[in-house]
Amino acid sequence: MKLALKELRRRPGRFATATIILTLIAILLMFLGGLLDGLIATSTGAIRAQNAQAIVYSGTAQASFVRSRIEPELRAQVEAVEGVTEVGGIGNVQLGARVPGNGPRDLASVALFGYELAPDGVPDAPPFGQAWADETIKASGVEEGMVIELGPARTPIEIVGFVKDTNFNGQSSLWASPDTWRDVLSANRPDAQVGADVFQALVVRGDGTDLPGAIDAATAGATDSYTVAGAVAAIPGVTEQQNTFNQIIGVTLAIALVVIGLFFALLTVERTSLYGVLKALGAKSSTIFAGLVAQAVVVTAIAALIAGALVAVLDLLIPPGSIPLLVTPARIVSSVVLLLVAAVLGCSFSLRRVLRIDPASAIGTTS
Amino acid sequence: MNSAPSATTVTTALEMSNVRKVYTMGDGSDVVALDHATLTLGSDEMVALVGPSGSGKTTLCSIAGGILSATEGRIVVGDEDISGHSAKELTKFRQDKVGFVFQSVNLVPFLNARENLLVVDELGRRTGAPAKARADQLLEELGLADRAKNLPSQLSGGQRQRVAIGRALMNDPALVLFDEPTSALDTKLGEQVMELIRNEMKSRGTAAIVVTHDERITHYCDRSVHIIDGRLEA
Ligand SMILES: Nc1ncnc2c1ncn2[C@@H]1O[C@H](COP(=O)(O)OP(=O)(O)O)[C@@H](O)[C@H]1O
Ligand SMILES: [Mg+2]
Numbered sequence: 001m002k003l004a005l006k007e008l009r010r011r012p013g014r015f016a017t018a019t020i021i022l023t024l025i026a027i028l029l030m031f032l033g034g035l036l037d038g039l040i041a042t043s044t045g046a047i048r049a050q051n052a053q054a055i056v057y058s059g060t061a062q063a064s065f066v067r068s069r070i071e072p073e074l075r076a077q078v079e080a081v082e083g084v085t086e087v088g089g090i091g092n093v094q095l096g097a098r099v100p101g102n103g104p105r106d107l108a109s110v111a112l113f114g115y116e117l118a119p120d121g122v123p124d125a126p127p128f129g130q131a132w133a134d135e136t137i138k139a140s141g142v143e144e145g146m147v148i149e150l151g152p153a154r155t156p157i158e159i160v161g162f163v164k165d166t167n168f169n170g171q172s173s174l175w176a177s178p179d180t181w182r183d184v185l186s187a188n189r190p191d192a193q194v195g196a197d198v199f200q201a202l203v204v205r206g207d208g209t210d211l212p213g214a215i216d217a218a219t220a221g222a223t224d225s226y227t228v229a230g231a232v233a234a235i236p237g238v239t240e241q242q243n244t245f246n247q248i249i250g251v252t253l254a255i256a257l258v259v260i261g262l263f264f265a266l267l268t269v270e271r272t273s274l275y276g277v278l279k280a281l282g283a284k285s286s287t288i289f290a291g292l293v294a295q296a297v298v299v300t301a302i303a304a305l306i307a308g309a310l311v312a313v314l315d316l317l318i319p320p321g322s323i324p325l326l327v328t329p330a331r332i333v334s335s336v337v338l339l340l341v342a343a344v345l346g347c348s349f350s351l352r353r354v355l356r357i358d359p360a361s362a363i364g365t366t367s
Numbered sequence: 001m002n003s004a005p006s007a008t009t010v011t012t013a014l015e016m017s018n019v020r021k022v023y024t025m026g027d028g029s030d031v032v033a034l035d036h037a038t039l040t041l042g043s044d045e046m047v048a049l050v051g052p053s054g055s056g057k058t059t060l061c062s063i064a065g066g067i068l069s070a071t072e073g074r075i076v077v078g079d080e081d082i083s084g085h086s087a088k089e090l091t092k093f094r095q096d097k098v099g100f101v102f103q104s105v106n107l108v109p110f111l112n113a114r115e116n117l118l119v120v121d122e123l124g125r126r127t128g129a130p131a132k133a134r135a136d137q138l139l140e141e142l143g144l145a146d147r148a149k150n151l152p153s154q155l156s157g158g159q160r161q162r163v164a165i166g167r168a169l170m171n172d173p174a175l176v177l178f179d180e181p182t183s184a185l186d187t188k189l190g191e192q193v194m195e196l197i198r199n200e201m202k203s204r205g206t207a208a209i210v211v212t213h214d215e216r217i218t219h220y221c222d223r224s225v226h227i228i229d230g231r232l233e234a
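Each protein sequence line maps, in turn, to chains A and B. Each residue of the first sequence is one higher than the one before, starting from 1 at the first, in the numbering used here. Each residue of the second sequence is one higher than the one before, starting from 1 at the first, in the numbering used here.
If you're looking for bench data, these hints aren't it; they were derived computationally from the structure. Watch out, some of these pointers could steer you wrong.
Stated by the list, open to error - Below, simulated DSS-like cross-link-like pairs (lysine-lysine); rule was C-alpha separation at most 25 Å, straight line:
1) B:Lys92 x B:Lys132
2) B:Lys188 x A:Lys284
3) B:Lys149 x B:Lys132
4) A:Lys6 x A:Lys284
5) B:Lys202 x A:Lys284
6) A:Lys6 x B:Lys149
7) A:Lys6 x B:Lys132
8) B:Lys202 x A:Lys2
9) B:Lys202 x A:Lys6
10) A:Lys284 x B:Lys88
11) B:Lys188 x B:Lys202
12) B:Lys132 x B:Lys188
13) A:Lys164 x A:Lys138
14) B:Lys188 x A:Lys2
15) A:Lys284 x A:Lys2
16) B:Lys149 x A:Lys2
To be verified - A short list of chain A residues far from chain B (calculated; beta carbon distances all over 12 Å):
17) Pro127
18) Val251
19) Val313
20) Pro324
21) Val344
22) Phe349
Nothing here was measured: the structure is a model prediction, and the numbers come from that model. Glycine is no exception: its CB is placed at the ideal position from the N, C-alpha and C atoms.
Could you build all of it, start to finish, from the sequences and the hints given here?
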């Protein structure tokens with residue numbers, strides 16, 4: 001082991017190529033992970049921010065706001081369920097917004113919510129015609145006090161302040177009163193307009209072991225209810241995005257494993273006579289293999305740390321709202337751990353070769 | 001209890017009796033590299049093993065040093081019978097009992113002279129400080145004290161050979177095997193190295209086999225054994 005680490009220090013050049021390739025792979029891995037985290041974060045923020053024990057859609061809505069309708073009678077049934085303490089209506093509309101100073105085609109995508117129960121980090125709803133905005137809308141040039149115009153009807157909304165991490169479907173969210181939402185909805189999406197007291201979904205607070213289950217049982221299937229985590233996963237497209245990205249991440253890890261495996265297999269072939277000499281001098285195969293693993297782990301760790309630092313810098317350089325990149329310590333650490341596992345597995349390709357090296361190969365042949 | 005000889009009364013460094021080594025070639029044919037070889041070395045005896053190329057000298061050394069297993073026969077080094085040793089037992093045996101100077105020098109290229117000596121301890125007994133003291137003493141004796149920090153690539157052929165000799169002595173072996181230690185050196189350097197080998201062996205009372213096909217080398221040894229086509233003749 002000491003011998004292997006000494007070689008790393010004395011001959012860093014031999015390991016430079018592998019380190020560079022692994023650094024690039026690690027950057028790709030962390031960038032993909034950050035992109036996935038960012039995409040998921042900007043798709044799900046509005047639901048994650050809900051301080052609730054259940055999110056209730058109508059029975060056939062498949063967790064989609066657009067397809068969901070909750071009439072006052074259904075809401076009354078939900079309010080009557082045992083364990084329910086508070087119920088708030090919520091509705092959503094996704095539109096393009098004209099921002100003063102931007103060109104007529106340069107629309108900002110927004111998702112406006114009308115709400116009764118304030119999510120975490122969002123104050124109570126402002127008066128009619130006003131909204132809180134997610135801070136990512138600043139990337140489109142929106143400032144506090146600005147009036148933006150929503151949709152084809154150009155419904156004016158004044159931005160009265162900013163909130164964090166509440167986006168939905170990759171769009172900047174706006175948080176307004178139910179009346180403001182109904183007004184924007186009927187002006188811009190007349191086909192989808194709803195009557196007074198009608199919402200798309202309900203945010204339910206309360207206690208009890210399985211509140212979503214209890215609600216759906218009480219309404220005899222007229223509702224489809226989720227925990228907050230369940231509602232996040234049920235947002236159309238979220239699970240698909242996660243699966244797609246995780247597959248790409250898996251392939252990237254497999255490539256890292258193969259690169260490490262091939263590099264150290266070649267190194268082992270190159271060192272056959274050195275390993276033969278060491279064995280003749282009394283080195284155990286396990287000692288030699290441990291040295292190989294130590295080298296792979298150190299090279300991979302260096303590559304992963306360089307990559308982690310570069311991705312963190314990249315995150316600082318990218319303005320918020322442009323690319324949905326979210327760099328978290330958890331993602332960096334998990335990427336490093338996965339790469340180290342790939343390093344150890346990659347080395348195992350060479351285990352048999354190390355075991356088979358004959359100490360007799362050290363002696364005799366002068367070549 | 002019978003009066004079994006204790007370790008201190010062992011008077012032979014090596015006893016090989018009827019050792020045979022057959023290599024099976026890729027095409028299934030057999031090459032007999034060593035045939036009924038019988039050889040005994042006293043505990044501080046230096047023997048020259050002389051023979052033409054391909055006569056089985058390296059094979060004999062490899063078997064005596066536990067690097068190669070014999071096809072038949074009995075090999076006892078010091079008080080240890082290694083004839084039936086497993087690969088693992090042979091590894092331990094090599095750590096403790098024998099020293100090698102290979103036909104090609106084979107130093108670890110990225111370690112300096114002193115580290116090339118210490119690697120024996122690192123891979124084996126891990127004694128630490130005593131090993132460092134021993135390495136420094138050996139380098140001093142071999143006239144390499146001022147070369148301790150040099151890499152093999154910064155040393156001359158004779159100096160590298162001396163580092164290899166120092167490495168072979170690091171584990172205080174009962175038997176040292178020199179496989180053509182002077183073949184890569186010119187006559188004068190070769191004689192200097194042989195002088196050094198003799199001094200080191202005699203001052204320690206260590207037994208050695210020195211393989212050569214150069215008759216002039218033999219007078220540095222106590223006696224010569226000739227080998228032709230795998231057969232020993234005194
Ligand atoms: N690994 C091996 N496989 C097959 N034949 C071998 C092997 N090593 C040595 N031999 C054969 O055994 C014989 C003795 O070889 P060796 O002990 O190396 O001789 P020397 O050291 O005297 O030159 C030679 O005929 C050689 O070709
Ligand atoms: Mg030979």
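Outcome of the hint check:
{"no.": "1", "hint": "B:Lys92 x B:Lys132", "in the structure": "holds, 21 Å"}
{"no.": "2", "hint": "B:Lys188 x A:Lys284", "in the structure": "violated, 38 Å"}
{"no.": "3", "hint": "B:Lys149 x B:Lys132", "in the structure": "holds, 13 Å"}
{"no.": "4", "hint": "A:Lys6 x A:Lys284", "in the structure": "holds, 18 Å"}
{"no.": "5", "hint": "B:Lys202 x A:Lys284", "in the structure": "violated, 31 Å"}
{"no.": "6", "hint": "A:Lys6 x B:Lys149", "in the structure": "holds, 14 Å"}
{"no.": "7", "hint": "A:Lys6 x B:Lys132", "in the structure": "holds, 17 Å"}
{"no.": "8", "hint": "B:Lys202 x A:Lys2", "in the structure": "violated, 34 Å"}
{"no.": "9", "hint": "B:Lys202 x A:Lys6", "in the structure": "violated, 35 Å"}
{"no.": "10", "hint": "A:Lys284 x B:Lys88", "in the structure": "holds, 8 Å"}
{"no.": "11", "hint": "B:Lys188 x B:Lys202", "in the structure": "holds, 21 Å"}
{"no.": "12", "hint": "B:Lys132 x B:Lys188", "in the structure": "violated, 31 Å"}
{"no.": "13", "hint": "A:Lys164 x A:Lys138", "in the structure": "holds, 11 Å"}
{"no.": "14", "hint": "B:Lys188 x A:Lys2", "in the structure": "violated, 38 Å"}
{"no.": "15", "hint": "A:Lys284 x A:Lys2", "in the structure": "holds, 14 Å"}
{"no.": "16", "hint": "B:Lys149 x A:Lys2", "in the structure": "holds, 17 Å"}
{"no.": "17", "hint": "Pro127", "in the structure": "holds, 75 Å"}
{"no.": "18", "hint": "Val251", "in the structure": "holds, 36 Å"}
{"no.": "19", "hint": "Val313", "in the structure": "holds, 34 Å"}
{"no.": "20", "hint": "Pro324", "in the structure": "holds, 47 Å"}
{"no.": "21", "hint": "Val344", "in the structure": "holds, 22 Å"}
{"no.": "22", "hint": "Phe349", "in the structure": "holds, 22 Å"}
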